[in-house]
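Participant: Residue numbers (our numbering), protein chains in the order written: chain A, 1 to 339; chain B, 340 to 486; chain C, 487 to 813; chain D, 814 to 1489.
By construction, these hints were calculated from the structure, which means they are not laboratory data.
In this text, a Cβ means the ideal position worked out from N, Cα and C, and glycines have one as well.
Check the hints yourself; a few may be wrong.
Claimed, not checked - Some chain B residues close to chain D (C-beta under 7 Å, calculated; not the full set): (1) Met385; (2) Cys386; (3) Gly402; (4) Asn434; (5) Glu442; (6) Pro443; (7) Val473; (8) Asn477.
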Amino acid sequence: MAAKKLSKEKVGEVLQELSKFRLITPVKSDDVVLFREIADPKEAFLEYGNSTVPPKKVVFPQTETLFRFTIGNPELREKNVEEEGTTVIFGLRPCDARAMSIVDKLFSWDYEDPYYLKRRELTTLVGMTCVQPPSINCFCTSLQGSPFGKDGLDVLLVDMGDHFLFQPLTEKGARMEETLASYLEDASPGDVERASSMEEEAKGKIVRSIDPQGIAEKLPSLWEDPLWKRVSDACLGCGICTFLCPTCHCFDMQDEVERGEGRRARMWDSCMFCEYTLHASGHNPRPTRKERTRNRISHKYSYYPKRFDVIACVGCGRCISLCPVNIDILEILEQVVEA
Amino acid sequence: MAEATQTDFQPNIVAFLCNWCSYAGADLAGTSRTQYPSNVRVIRVMCSGRVNPMFVVNALQEGADGVLVSGCHPGDCHYMQGNYYARRRFKLMRNFLEYLGIEPERVRMSWVSASEGAKWKEVIEEVVEGVKAVGPMNKFQRRQLNW
Amino acid sequence: MVDVSKLRETAREIISREDVRELIGYRAGTYGFRARPAFVYDPGEVDQLIFNPACVNNLATYITLEEKLPVPRGQEPDLRKVAVMVKGCDSRALVQQMAENAYERDRILVIGIPCTGVVDMDKVQARFPDVLGPGEISLEGDKFVLIFDGRREEIPKEELLADKCKRCRFPTPLVYDVLLDEEVAPFATDDYSDVEALESRSQDEKWAYWEEKFSRCIRCYSCRNVCPMCYCNDCILDRLRPQWIRRSVDISENTAFHIARAYHLAGRCIQCGECQRVCPVEIPLMELNRKLYKDVEELYDFEPGVKVDAPPLLSSYRPDDPEDFIL
Amino acid sequence: MNGKPKIGVYVCHCGTNIAGTVNVEEVRDFAASLPDVVVARNYSYMCSDPGQALITEDIKNYGLNRVVVASCSPRMHEPTFRKTLESGGLNPFYLEMANIREQCSWVHEDPIAATEKAKRLLEAAVVKARNLEALEQKEVDVEPSCLIIGGGIAGIQAALDIADAGFKVYLVEKSPTIGGHMAQLDKTFPTLDCSACILTPKMVDVANHPNIELMTYSQVEEITGYIGNFNVKVRKKARFVDMDKCTGCGDCAEACRLAGRIPNEFDEGIGMRGAIYLPFPQAVPAKYTIDKENCLFLAKGKCGETPKCQEVCQAGAINFEQQDEIVEFKVGTIIVATGYDVFDARKKPEYGYGIYDNVLTALEFERLVNASGPTGGKIVMLERGKKKKKKEEEAEAPKVPKSITFIQCVGSRDKSVGNEYCSRVCCMYTAKLAHLVKDKIPDCEVTIFYMDVRAFGKGFEEFYDRVRREGVRYIRGNPSEIFRRGDKLVVKAEDTLTATPLEHETDMVVLSVGLVPRSDNREIIDILKLSQSSDLFYLEAHPKLRPVDTASDGIFLAGVCQGPKDIPDAVAQAKGAASAAMIPMAKGKVKVEAQTSVVNEETCRGCGFCVELCPFTAIELVEVNRQGWPVKVARVNEALCKGCGACVAACLSGSIQQRSFKDNQLLPQIKVLGVK
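Whole structure, please, built from the sequences with the hints as guidance.
Facilitator: Okay, structure coming up:
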């Protein structure tokens, strides 16, 4: 699939064209950037670093109906994800797309989650490169990622300044190219080459890093290590690090009933919450923030890579930048390495 | 609000009445065969002091267009002080909801004694008129979201 | 300006005491200009302690956040004192916690820091996004001085000062065992103009304003968890039976959540501003808290967190409390 | 426990009262469709015997464990149907009612709207019933004894009645003698019987009654507990006179170096006493008391060589070492009869009380006309504040006033001093005093300024008429000012009947002061958590139907502490309070509220908001062990809890709940009623 050129002036028209689908782009709500379905191309806010809330909620909604029921009636009315229709996420960052490809492994593993997978199938990801790392705490390059990374994306838009280099990456990407054919031009010959040198330049701007080598194997041996207490002393037990993490995917189920009519819904849960894994008996195998922090790190850097050969962290740095008490995953990992 | 809502709209009002004064007052209105709008549905509590201000939020969420809390006149509380506590709680909640954009007409409080069947009717009429004037609650009631 | 060596010396003395279990203070953060909470258990650890205008956290939260694991049979609970560093605003949290019987006065040892204002770290971050640090911030007169990567920048105090400090009326702690510096005279007043501006808008404007904010809420509960006054063992917002607020994240539940959170702080919020500081989606939570704070003051002449023996606002009344709203 | 809810629903027609408007069949069918409803019926009169039998039969046949009755108000028939459940073998608190008569069929004419509303109210009752719990109606034993606070006529009468019935009475009086204000009065209106003559025999009865333990010069310090089981702590103040030894001879009082130099409270300061004194000759107990503020020996440490009283007391009763004594005992009931103060006339400075010697309060005047008072019953002009001349010397006879003027409603019906109420006794005591003046000084000109004359009692109007016929002049008008002109006082007023401004010269002015709550009212409020009505007198439980009860079970009110009243009313109320107090004592047991609050000690954070707010002091903080940690939690004393639920709404963590009105019982109702 050959790269094309998309002039920045045409982005508005492109979005207009794409609004025949369920179109999701970064938007600005006050000063917060997050992903929302838009009705008007003007709502899209593409001049952004990275969003506060990652686009994972598009394929894995924070609250999602699974089925409806009527009390006293055994029939369940399942949610039909198909009805949501074809979806395009336009303008997400490579790290967040890569995160989806990582989470895909879980939802298509021993049990194939029909809701998630259907939604993924319906969704085309059009990503944009990071010319400038969005945050001082970016460290995607430590984890096989790149500010120009292609994992998980269907199309990568390389920001060339006055235009984008439109790189279709998958079959869905190719279809997107067809859809947008009238807005695309042939890319100039130097663009592809220039893009790869820009990628190196962008990688070089990322200042934080970790060598993940050996961490997955080492973590279990540090189960009882005092470092866990130390790194979690200041933890408040809130859900910022997990809810804003593009790879965290824990959920809980709730039945909501309204005068005999109900739905079963699943909603995000966080391993940092005190009622996470709280048993009905009152026992909690992870009774304090120490065990919960250990679980968060271990899940990302040990359990997940052991099962799926990939670390469940893309180095977006959100958990570091947004933690109210500056708990820093890189610092924790360094301590793990040093321990 | 649109004109249509003012004429066709029949608001739904959840009322919390203390057993000793307001509930008795509402009973007296019945005994006296006083006719008043049927929009108000009553929950009986022993004292207005029992009514958690979050009940108001809950009722509005569930779809009520207005909420009324009614207790004994100051000094007449069967439990001496419950209505005073309620008065503080609801004043603050009402102001707070107004600050969020919830019309104060939706959050009402009244003193109705056991002998004030006639006042009960007036209160209901005023509450219903007030809610009609601001129209249906369409702000944060539970909707079928993410369906 | 707090003298760091004096701070560390004081801390060393305190943590060396047999009746003190731990000391909670500040240390440098991991990037930029940040500072973060420090937990000191041993005299050897005091040299990491600092205090500067980056020390934004209200450490009073940790007193009530303490995790009380079951005490094994035959053992005694560790009831030694917890020493905590507090600024003026933070100290009001201690006062209010004690007013609510959260613990006895002798359970804590308070290291008071007269405070001339802290920064809004978001403003610092926006100004110097690329500084990996460690950078240092200090206040010199009416300027914040930032030192990083061998550079020195002076920024007018006004430009980086946290909003809450611009209306701080309690710069010197109201409760302390040790005061690390001279008392600071109040340098600001609070006219609630922000609250009044919002009050004066139409109902629909107000709702549009809040709907946008509440719709962003991801219910991470950081506002609740960071709050020094939110320390129920079992918060009703988490409870399933009965379920006051559903877990579903939508405008209805989010609104109810924010009403409940703010209302539960009526007459209790001491305006440390932590909830708003930590909110990742920048919901102006203090505008909610401050509305109630203002009403409580105006209607009931009540100010929380200043007197340990004050009766709880909503467990008291005056026969002549306002009732103009009652039919 | 009770397993899955099996609910029976009963829709009452109430003849046509309900069925005339509400489509009861439709409501019944709707009820049958609701989850957990196993049987739904409609019937003409559910409260009739056959109606109730339907319920008891269904409880047996369907194994019902919850019952919902949609009928009249629960205020009407809740007790009836509770009994029905009980006789069907079900806990009575498994009942929930939907009020589809008073609040539905009777107030809405439109059958469709009324039926819709009835369905919704019924559904709300069903969802609440689903979560109802069985409650236990507990009983507590009642101590057969009564504490009476205050030894005025109300306290005395209540004490005698209760003691005569065979119960133990503790009568606690703050001052050295019982008798109260009534002992200060001369004659009583309208019959003119001598106050002392009718009162003192009762006082003596109290002193001699085997069932009454009299504690004068004593104060209640603390009361804890609840009906049937109050623990009382009383401080018996040291009187520095051994009660057992004192014979009441009075030698000490005559010998006291300060004799005749201290204003006697009993005489309203018009008469004098010494530092050791008996307030009045008929005081009960007839034992002397040393006033330690004034006694030279106690206050200054020196009284000549040896204190005179000690020197002359042949019984050796004087004991300067005596200490206050704390006495503790248990009672089952309490009667508060603490009486009143008279209005402080200084709060009406325009009348010159405290400035002009001959502006008196009516109570002072009462002492002046009293045969046992400081002047032996002679009405004379007062020279206050003058140093007492040596006796007999300059024995110029005191002047007798030629004109006396009364002003009514001083401190009553007067918003400017915060007293809106009528004191009820002033019109008549003024008439009585006017009559006594005419009796003693027939040519004295007597004038009464009044707003209205309220002569509502038995014989009152007749007496008022008699006094007017005796030549007492009534002028309608509220004087604006009193000032001196020469040796006369001038009352400036307007005769509002003729709209004539006038200045009225007189020798003496008597202010008919009203009755006000005692200045130390708060002491008892704090101890017993009583409420005050807006006039600041103690608040009765219901102004019409429970006039001697308070909101706290087992605590009753008698006399003026509840509101102004005259002697017969005070006595009647005392008798009422006495018989009300005797009911639980005679029964020996009392049922306590079942719908009380209960704390989840696992989640309670011990903030004490509930403790602070409970009007009945039913909640306390206790320390418990939570997984090895000492923590404070709230705990409810179910005998004290009245079941208002105010604590529930104050609890941030939902840890305190009111039985039958728990959050999980009310929230489902809100859900049903809230949804459109």
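Participant: Each hint needs a verdict: does it hold in this structure or not?
Facilitator: Hints, verified against the model:
1. Met385: Hint holds; Met385(B) Cβ to chain D Cβ min 6 Å, cut 7 Å.
2. Cys386: holds (4 Å)
3. Gly402: holds (5 Å)
4. Asn434: It is violated, given that the least Cβ distance between Asn434(B) and chain D is near 17 Å, above 7 Å.
5. Glu442: violated (17 Å)
6. Pro443: Not OK, violated: Pro443(B) not within 7 Å of chain D, min 19 Å.
7. Val473: violated (16 Å)
8. Asn477: violated (12 Å)
The structure does not agree with the numbered hints 4, 5, 6, 7, 8 stated previously, though it agrees with the rest.
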